[in-house]
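Enquirer: The lines below spell out each chain.
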Amino acid sequence: MDQVLDLYFDFDTMQRFFPMLWEGFVLTLQMTLLVVSIGIGTGLLLALLRAFGVRLINWPMQFLVDFLRAVPPLVVIMCAYFALPYAGLSLSPFVATVASLALILAAFAEEIFWSGITSVNRGQWEAGRATGLNFFQTLVHIVLPQGVRLAVPLLTNRTIEISKSTSLGSAISVSEILNQATNAQSIVANPSPLTLAALMYVVLFVPLVAMSRWVERHYRWQH
Amino acid sequence: MTPILSAQGISRHFGSITALSPSDLDVAPGEVVVLIGPSGSGKSTLLRCLNLLEPPDSGEIRFRDQCITEQGVNLDQVRRSIGMVFQQFNLYPHMTALGNVTLALRRVHRLSREDARTRGMAALEEVGLAKQHDAHPGNLSGGQQQRVGIARALALDPDIMLFDEPTSALDPELVGEVLSVMRRLRDRKMTMVIVTHEMGFARDVADRVVFMNEGAIIEQGPPETLFTAPTQPRTREFLSRLMEHR
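Chains A and B are the protein sequences, given in the same order.
For what it's worth, this note's numbering labels the leading residue of the first sequence as 1, then goes sequentially.
For what it's worth, this note's numbering labels the leading residue of the second sequence as 1001, then goes sequentially.
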């Protein structure tokens, strides 16, 4: 038992490396906010674009979306960081990670929003169009709010999952929480910084989980 | 009188199924036309063709002085003047009763929030639901929901209203309130085309009853003639079968 306490709950070590992990915390927070806002925003725009049913746009979009959903996030991040420079595009580790995860979230969000949009009853479209609303107005004011409501639980789960993948940035040396913690761990040969990292993830993601629950409740109306 | 709405030779197919054979229908201003017939006879298809919710495969439709089946017609513009009431109400569940009624006033007619509210409340008043303006559809009875559906169409001040089996999804005891709203509309000289299975109501309100069978108009005439002395055997058969169930 003492050994467990020494190894994982060494408060002196935690205190010593707190500033270092705090930097990682701030960075992870920034990445998360960027990934969530860019990913969900882009996903919504793509779903709206898809609703117009232009094949020339939808086919390549579908291909890209399927690709991003099929490939593990770490592979996407590695490709973005190590392969893109050969195409003349060099990204910083931070940008490569955020861009990869935002794209992956956008791909999932597009599919989720789309499934929400398509599960709205056809009668809702007809009611809107019959009162003189055009296609886009009907989509935005009538169909989308209902589609989003259906999409919210799926979306919040996926968002949390992909946001946590910011830790994969450590593989290309982004100094986010996990990277800082493993560095600290290797300096003192004690994994207590990992415990601190876990705590920080809890502090970071519990509000996100709570917020998602609030959003889910907010989008539920009486039927 | 020149018809306000005139459909000539309109037809509609779904795959290999003919839902509507080429049919003509004229509606005069202030006239109430009731479409009756067995299910699958093409009544709803004909009705839905009139505001091009189902675009007809052939034929042409004139509304007021405009041919609305031509290419390049602004249908959104046309549909502002054609109200539609649906069998399943199709209310927007995420909006209040008033929100349902004012959406098109705000977005299509571009009224200010206050003006839309005033007109929306007047329409709800007309169907006796001003008090429930803040309720969501889920908290209203079926009859109330359908009255909101009528108010939604009415608020746009349409020249003609289409009713697609407005009481078929209602519990029997709720049918009356919807029909009485429609009776009031007729007293106001609203032009209406109504698909219904309520024969008593059809007899009361119709200026003309149109009997359809297997996608075609079989016969039409004033209710007193059509209900008491139909000329076509199929009409007689349909009506007598209805009487048996009484």
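The reader is advised that the hints may include incorrect statements.
Derived coverage of chain A by chain B (criterion: at least 3 residues anywhere in the stretch with Cβ under 8 Å from a Cβ of chain B; other residues may be distant) [as the list claims (entries may be wrong)]:
#1 64 to 75
#2 131 to 137
Ranges of calculated distance between the beta carbons of each label pair, as one might list FRET restraints [as the list claims (entries may be wrong)]:
#3 B:G1138 <-> A:F18: 49 to 57 Å
#4 A:F52 <-> B:A1130: 33 to 41 Å
#5 B:N1139 <-> A:P207: 17 to 25 Å
#6 A:M211 <-> B:A1028: 55 to 63 Å
#7 A:V140 <-> B:S1141: 28 to 36 Å
#8 A:P207 <-> B:D1076: 38 to 46 Å
FYI, nobody ran anything at the bench for these hints, they're computed from the structure.
Small disclaimer: the values here were computed from a predicted structure and weren't measured.
We put the CB at the ideal spot given by N, CA and C, even for glycine.
Enquirer: Does each hint fit the structure? Answer for all of them.
Expert: Outcome of the hint check:
no., hint, in the structure
1, 64 to 75, "violated (count 0)"
2, 131 to 137, "holds (count 5)"
3, B:G1138 <-> A:F18: 49 to 57 Å, "holds, 51 Å"
4, A:F52 <-> B:A1130: 33 to 41 Å, "holds, 39 Å"
5, B:N1139 <-> A:P207: 17 to 25 Å, "violated, 33 Å"
6, A:M211 <-> B:A1028: 55 to 63 Å, "holds, 59 Å"
7, A:V140 <-> B:S1141: 28 to 36 Å, "holds, 30 Å"
8, A:P207 <-> B:D1076: 38 to 46 Å, "holds, 44 Å"
Checked against the numbered hints above, the structure violates hints 1 and 5; every other hint is satisfied.
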